[in-house]
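2 protein chains.
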Amino acid sequence: MPDSGSLGPPTSLPEQPPAPPATTPDAPAATAPDRPVTSSAAHFLAGLHPPVTTPSSSPSPPSPSTPPAAWTPPSPPSPPSPSLPPASDVLVRNAPDLAAVPGTSDVSASDSVVRRLLGGPTGLGTTALSLARKQAAVPPDGAPAPSGPSAEGPVVPGLYHHPILEPDPVRVAEVSRRIKQWAEDEVQLYPQEWEGQFDGFSVGRYMVACHPDAPTVDHLMLATRLMVAENAVDDCYCEDHGGSPVGLGGRLLLAHTALDHLHTTAEYAPQWQESLGSDAPRRAYRSAMDHFVRAATPSQADRFRHDMARLHLGYLAEAAWAETGHVPEVWEYLAMRQFNNFRPCPTITDTVGGYELPADLHARPDMQRVIALAGNATTIVNDLYSYTKELNSPGRHLNLPVVIAEREHLSDRDAYLKAVEVHNELMHAFEAAAAQLAADCPVPAVLRFLRGVAAWVDGNHDWHRTNTYRYSLPDFW
Amino acid sequence: MPDSGSLGPPTSLPEQPPAPPATTPDAPAATAPDRPVTSSAAHFLAGLHPPVTTPSSSPSPPSPSTPPAAWTPPSPPSPPSPSLPPASDVLVRNAPDLAAVPGTSDVSASDSVVRRLLGGPTGLGTTALSLARKQAAVPPDGAPAPSGPSAEGPVVPGLYHHPILEPDPVRVAEVSRRIKQWAEDEVQLYPQEWEGQFDGFSVGRYMVACHPDAPTVDHLMLATRLMVAENAVDDCYCEDHGGSPVGLGGRLLLAHTALDHLHTTAEYAPQWQESLGSDAPRRAYRSAMDHFVRAATPSQADRFRHDMARLHLGYLAEAAWAETGHVPEVWEYLAMRQFNNFRPCPTITDTVGGYELPADLHARPDMQRVIALAGNATTIVNDLYSYTKELNSPGRHLNLPVVIAEREHLSDRDAYLKAVEVHNELMHAFEAAAAQLAADCPVPAVLRFLRGVAAWVDGNHDWHRTNTYRYSLPDFW
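In the order they appear, the protein sequences are chains A and B. Each residue of the first sequence is one higher than the one before, starting from 1 at the first, in UniProt numbering. Each residue of the second sequence is one higher than the one before, starting from 1 at the first, in UniProt numbering.
It is possible that part of the hints are untrue.
As the list claims (entries may be wrong) - Pairs of lysine to aspartate or glutamate, EDC-like flavour, derived with a Cα cap of 16 Å:
1) B:K180 <-> B:E195
2) B:K418 <-> A:E267
3) A:K418 <-> B:E267
To be verified - On the chain A side, residues computed to face chain B include the following (Cβ under 7 Å):
4) S244
5) G247
6) L262
7) L313
Claimed, not checked - To list a few chain B residues with every Cβ distance to chain A over 10 Å, as calculated:
8) G247
9) A309
10) Y469
Calculated directly from the structure, the hints in this document are not laboratory data. Beta carbons: idealized from backbone N, C-alpha and C, even for Gly.
Just chain A, with the same shape it has in the complex:
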């Protein structure tokens, strides 16, 4: 890609043929269709994930409609697909090139990485051991090293997932260094006493894991700033750090104008401009968005704004229920969680990757479905890994196991296990829908975008698994 080394609005992949007409009907299609996946789709699926796992590490068998992904024997090493940019990094020139680009079908995983990932027991019955090992790895003061390698954590038993290659430690260190500098010096994100929590977020490792095809650290920073800003808004407006459901609608809307600007009269515009610097969440949104908009096409920025409006709607539904003490039905909770969702993060995978999924291809109903399912699976992963943390927080915090337990009169354990099943079904539906779309619309930008979303899903799981500073599993097994 000619522009993969520079940070600016990407153009479409040059080898991309004209977009086919998007004629797929936009009818309700709430569940995964059980249509067979074609052989080309199976080939695509097999390439979604790097071959770094064994059957025993993922106890949940794939659904009949889903071809084997993690179980595919490793492909022989081969050069990257010509439609993918090289994993070069013009800013961190001394960094080793990524040995492999997870999310492509032709990766050459180094043996040492495979060994590191596969080291130690996995599967049902081994979690407690693994958990104990991980908890022991947390530094005595409870705060992790700011950019050191994250501790390895246990997988939720029975969770359908794909292990990832270890994120490039040099990139992790550089992103960690830069994001802390941005947070402290550029947007004054937090008071000194929250530094440990910021480090414990391990956002550098998170974003490097989720965007293995980012051409440069500058591209990774686009995602990292937004992720930090989104968490700042959530923490300071909605949750732990001074947040409240009361009056949240006003605060979120004013913060949203940092992403989706106000157009008003000469008298009132300066007060709006000034407001964007008036608290940490807005400073973070404004700066992160300014950086993003400079690198994205207008359609990519519009897409991100839409996803953020969805996210804020989701926050407000959750807040309304918290305020009125309403425990939603399970389907209502899942609807809220499709909005209060990671979706804005995977959908910028193309901007972070230095290319563009054209707007008309992004808008296709089948692509929208893939994105929604991926977002839903990643978000239930969050519910599962943060279950213990939320139980220990003040007040009742809704998450899928809690809602299932209350609404379906199940024990905490059975409700948790059912939530794992819900996650697994969403993951299988995501993979089946992605494979079908890849077969129906085999345009290079679509294929790369789908791989990018899949890489985000896997990286997100890995971050939750390894972030033992924030998360621990319940004792259900």
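Starting from the known structure of chain A, arrange chain B on it as the hints suggest.
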């Protein structure tokens, strides 16, 4: 246009050249730039509005940066621009063709229409007379005839606006008939006792006035159903008919899934599907959206979903302030009102017109600015015309004059007059931005879309002016 008579996803205008790269920076640009409008832009502006007014009917002089629009002498009759579809209507074949297509530069207004619009005194000092005349025209029982011609109402003195050609009465009658049938038979929108209010909404006249270039009544129905559905959600969830700010976030999100579908597991999807029929707002959203999605491209549907997410965020900010008794600063109110806004209505002008503004052109920052300014101007029009209605409603209802009076310590009258000035500045900024965009990107679909938005702005004003069933002006002059 080959497909102007059929209702299905539109294609781009055939004569449209490839979209130029959208390189305009997306930097904050909160106020109208004072750059001079080019001569081609002035030509475009002059063609935005049909020549059916005189200076005395619009007392506010145009700003120096805005070339004369309403004051342009009538052009001689000429055939419609080749890039515009004929105003034919395959479904209402006996309806007279629209004598003119407001929003095009070459309209031949019939003398009778001009005389009807210009009949009676206008301008400062004549409003009370006009108001009295109009109030006398309301039927004795307070309910208007369902599809008869709306009474002529007074213009807010000093309001910068453009009169429109009288909406085609045959289309108005047909849309009025069909929308009432849809509301009563298809979505069971209201109980019998609300029929008068539904008729008084005069939504048929509204939508015919706002979409003069709709090729068929079927196209007009796309906009009309959505407008009714949006009002049903607002009335039943937020405002007069059982609405409340308490718990609104949950209700709105679940309604939003009628527009932006849930993708979930086989167990929970049926309950979500069933929920869409469980109350009038959701039945209306679901049906109106189903019709819209069948006629729109995926990108147009995505654009509409985004605008509806914005609208719902705006409702929730307003509700948060109502719940906490917070009176926002004027700029904060204007920010909320950029979201709680008519925007979803003008931005479907291309779908209703049977063509598509391509997604990348819609996403351009300068187009986004035009749309935001148009939406803001139309929304302040609503604040001005509904001022008396809202003063007489239970509780305190925020609108621009009320917020200005409280925050800037002005009398009710002075605050109202200042709100008129705010509106006028937004209107001038909209027209200047539209003219500049037309000059910078003279693509047929862009020009037609801009004319469509301008027509919507004018039609919206006319509906507020003439809807004396709902609105009356305060006695400030």
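Cross-check of the supplied hints:
{"no.": "1", "hint": "B:K180 <-> B:E195", "result": "holds, 9 Å"}
{"no.": "2", "hint": "B:K418 <-> A:E267", "result": "holds, 12 Å"}
{"no.": "3", "hint": "A:K418 <-> B:E267", "result": "holds, 12 Å"}
{"no.": "4", "hint": "S244", "result": "violated, 10 Å"}
{"no.": "5", "hint": "G247", "result": "holds, 5 Å"}
{"no.": "6", "hint": "L262", "result": "holds, 5 Å"}
{"no.": "7", "hint": "L313", "result": "holds, 6 Å"}
{"no.": "8", "hint": "G247", "result": "violated, 5 Å"}
{"no.": "9", "hint": "A309", "result": "violated, 4 Å"}
{"no.": "10", "hint": "Y469", "result": "holds, 31 Å"}
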